[in-house]
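S.K.: Letter by letter, the chains look like this.
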Amino acid sequence: QQQVKQSPQSLIVQKGGISIINCAYENTAFDYFPWYQQFPGKGPALLIAIRPDVSEKKEGRFTISFNKSAKQFSLHIMDSQPGDSATYFCAARGNTGTASKLTFGTGTRLQVTL
Amino acid sequence: DTEVTQTPKHLVMGMTNKKSLKCEQHMGHRAMYWYKQKAKKPPELMFVYSYEKLSINESVPSRFSPECPNSSLLNLHLHALQPEDSALYLCASSRSAGGQGGNEQFFGPGTRLTVL
Numbered sequence: 037q038q039q040v041k042q043s044p045q046s047l048i049v050q051k052g053g054i055s056i057i058n059c060a061y062e063n064t065a066f067d068y069f070p071w072y073q074q075f076p077g078k079g080p081a082l083l084i085a086i087r088p089d090v091s092e093k094k095e096g097r098f099t100i101s102f103n104k105s106a107k108q109f110s111l112h113i114m115d116s117q118p119g120d121s122a123t124y125f126c127a128a129r130g131n132t133g134t135a136s137k138l139t140f141g142t143g144t145r146l147q148v149t150l
Numbered sequence: 166d167t168e169v170t171q172t173p174k175h176l177v178m179g180m181t182n183k184k185s186l187k188c189e190q191h192m193g194h195r196a197m198y199w200y201k202q203k204a205k206k207p208p209e210l211m212f213v214y215s216y217e218k219l220s221i222n223e224s225v226p227s228r229f230s231p232e233c234p235n236s237s238l239l240n241l242h243l244h245a246l247q248p249e250d251s252a253l254y255l256c257a258s259s260r261s262a263g264g265q266g267g268n269e270q271f272f273g274p275g276t277r278l279t280v281l
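Sequence lines, in order, name chains D and F.
Residue numbering for the first sequence follows this note's numbering, beginning at 37 and increasing consecutively.
Residue numbering for the second sequence follows this note's numbering, beginning at 166 and increasing consecutively.
Note that these hints are calculated values from the structure, not bench results.
Each computed DSS-like pair below joins lysine-lysine, with the alpha-carbon atoms no more than 25 angstroms apart:
id	chain 1	residue 1	chain 2	residue 2
1	D	78	F	205
2	D	107	F	206
3	F	218	D	137
4	D	137	F	187
5	F	201	D	41
6	F	206	F	187
7	D	137	F	206
8	D	41	F	206
9	F	187	F	218
10	F	201	F	218
11	F	203	D	137
12	D	93	D	137
13	D	78	F	174
14	F	205	D	41
15	F	201	D	78
Produce the complete structure using the sequences and hints provided.
M.R.: Pasting the structure below:
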């Protein structure tokens, strides 16, 4: 029940195209859903995040769509650029009472080609 | 300053060595985390410190020993590690560990550990 399923495992998009990564969860107690971007050899960087009372959040070229009833959320990268080539992790936060824990999806390797 | 720093960047150690990883943040965050990340896998939570007290230990083997000397520093002491412990060790911090809001976790660049 703590799992977050992420798809696809890898994605190739042409420059200027839209990249879409999907995640699904089971635990309705999750209360916060961040996306992280990770370049090789670096730590994950927080990209954008959403709470379950909001259906969409946009920051620049990055948009999260959230469907609470379906327990799904997705990341859309508009006008994808070669510099966006990285691994993307969705995550979901659950509270244990004394501390919160992030459960990560399995990751999507995005490659943006010229 | 919105940065989490980690030292060293790379570490190679033998199975009988004792070494320590260090993490520092100056954002006034009161929660700090250690994660382990294997190649092509997501980060796995190891420990959570909240207000300098250990609040979560994800059943990590005792050869990993965390320490939080103050609210800005987090150490991970390593002893008698195995080759399968080779991984990227990530530190993260957040404003608080529990409750609602303000809990975005910010990650450091990691320490690449190789155990021979």
